[in-house]
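Chemist: Those protein sequence lines, which keep their order, are chains P and V. Under the UniProt record's numbering, the first sequence has 34 at position 34, and the numbering climbs by one with no breaks. Under the UniProt record's numbering, the second sequence has 93 at position 93, and the numbering climbs by one with no breaks.
The set of hints was computed from the structure by calculation and includes no laboratory data. Heads up, some of the hints might be wrong.
Said to hold, decoys possible - From the derived model, a few chain V residues whose C-beta atoms are all more than 10 Å from chain P:
1. Asp31
2. Arg110
3. Gln168
Claimed, not checked - Simulated crosslink set (DSBU-like; lysine-lysine; CA at most 35 Å straight-line):
4. V:Lys266 <-> V:Lys215
5. V:Lys35 <-> V:Lys194
6. V:Lys195 <-> V:Lys215
7. V:Lys131 <-> V:Lys22
8. P:Lys51 <-> V:Lys35
9. P:Lys47 <-> P:Lys32
10. P:Lys110 <-> V:Lys35
11. V:Lys141 <-> P:Lys14
12. P:Lys47 <-> V:Lys215
13. V:Lys22 <-> V:Lys194
14. P:Lys47 <-> V:Lys141
15. P:Lys51 <-> P:Lys110
16. V:Lys131 <-> P:Lys14
17. P:Lys51 <-> P:Lys32
18. V:Lys194 <-> V:Lys266
19. P:Lys42 <-> V:Lys22
20. P:Lys28 <-> V:Lys22
21. P:Lys28 <-> P:Lys82
22. V:Lys131 <-> V:Lys194
23. V:Lys22 <-> P:Lys110
24. V:Lys22 <-> V:Lys215
25. V:Lys141 <-> V:Lys22
26. P:Lys110 <-> P:Lys58
27. V:Lys22 <-> P:Lys32
28. V:Lys195 <-> P:Lys47
29. P:Lys105 <-> V:Lys131
30. P:Lys110 <-> V:Lys131
31. P:Lys32 <-> V:Lys35
32. P:Lys105 <-> P:Lys51
33. V:Lys266 <-> P:Lys42
34. P:Lys105 <-> V:Lys141
35. V:Lys141 <-> P:Lys110
36. P:Lys105 <-> V:Lys22
37. V:Lys131 <-> V:Lys141
38. V:Lys265 <-> V:Lys215
39. V:Lys22 <-> V:Lys217
40. V:Lys35 <-> P:Lys42
Positions of the beta carbon are idealized from the N, C-alpha and C atoms, including for glycine.
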Amino acid sequence: MRLLTHNMLSSNIKGVTNGFPLLIEAEKVVEKAVDFNEDFLKNMFAKIEWKALVDASKTMGYAELPDNVESSMLDSDEFLQKFHHALLELHLEEGALVCPETGRKFPVSKGIPNMLLHEDEV
Amino acid sequence: MTSRPELQAPPEIFYNDDEARKYTSSSRIIDIQAKLSERAVELLALPEDGVPRLLLDIGCGSGLSGETLTEYGHQWIGLDISESMLSIALEREVEGDLMLGDMGQGLGLRPGVIDGAISISAVQWLCNADKSSHDPRLRLKAFFGSLYRSLARGARAVLQVYPENLAQRELILGFAMRSGFSGGVVVDFPHSTKKRKEYLVLTCGPPSLSSATPKGKAEDGESCSDEESSGDEQNQSVYVADRNRPRKKQKLNKKGKGREWVMRKKEQMRRKGNTVPLDTKYTARKRKARF
Ligand SMILES: C[S@@+](CC[C@H](N)C(=O)[O-])C[C@H]1O[C@@H](n2cnc3c(N)ncnc32)[C@H](O)[C@@H]1O
């Protein structure tokens, strides 16, 4: 799972009012190269919760993203490269996602988070 | 015809390691799923600006449908309830992110972030109650409600489905509409039992020009739909009229198949365990032409 997906995911447990962002417990992180596409990044930028992306990438061992952003930074190639790397090239391979409200862990194995809820969580 | 997988076992059990492998190594299935996915992408009607979008593939299975999204250059997140299917997707090194999850529990996504969703041959599974805790209505409601919230305004979801019967089709469409979507059903090749395919084409937000339901494909490549639907922008399904039916078949129908034939057919269906209406004096009675 990449941080692109992490940035969209929210805990779905019954009764949870703010399930975003899921905390990351990283046991194994892998990097996979992805073709750079400027248009995609520019289009996604408005939808990204920036702080969540910065925090998540730090947990995954990448601390190059600036804490504060504005859309003018999309003109900088250096910024776009970092954004690209954090969003699309870091994979959480083993570990867990943790609901920020309840602490419930969603295990991640072979890069796939198990988001299945127990019956009493639906 | 073999019995519907949906009636055999819950999806996470039906799609076990064996079935997942069989499914994904059949060149016939690969071909069909690719065609369905291509059509679904076409019906998504994304802006033709070459910008890759973030899409969902609901019930992504072993990644056959998602691969089409990759071919079109999009990023995607796939959700499936079968670990075996997802393992095959990993083996095949699909480019989308995969999640193990149950669409009937609702999608845990932030509001308004997804540019479009496809689902190929999966949503009809929600009509079955596979556990005592399952209520198909609640599950459909959770699914469509969360799908609606996750999509950006004006974004589309195109769901290719295999409803078992009219009641299921209406159940699915009804919950889609109630959750706020506008749109309807597109039927391709309506007169061919084998090639007939249906797609729910749903637009997030109130009806507008962009949510007018596109036309289905007919056998001869021409589009077809009934009069009511063309140019109509209201929430409604497009049912394909019978007027394009090939002549040969029409003749056959005029003669009628007779009560005996219908009774035999009904008996066959019953033996297969399908729900079939009771036989009454009205069964296979001649009806007056209405239109
Ligand atoms: C016929 S396969 C289609 C897979 C893929 N979309 C394709 O085109 O090859 C149907 C898939 O729907 C999945 N499915 C069924 N019910 C589901 C549910 N409640 N949540 C998520 N996936 C489900 C099954 O596990 C299966 O992988």
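Chemist: Tell me the hint numbers this structure goes against, listed in increasing order.
Modeler: When the structure is compared with the hints, numbers 2, 8, 19, 28 and 33 turn out to be violated.
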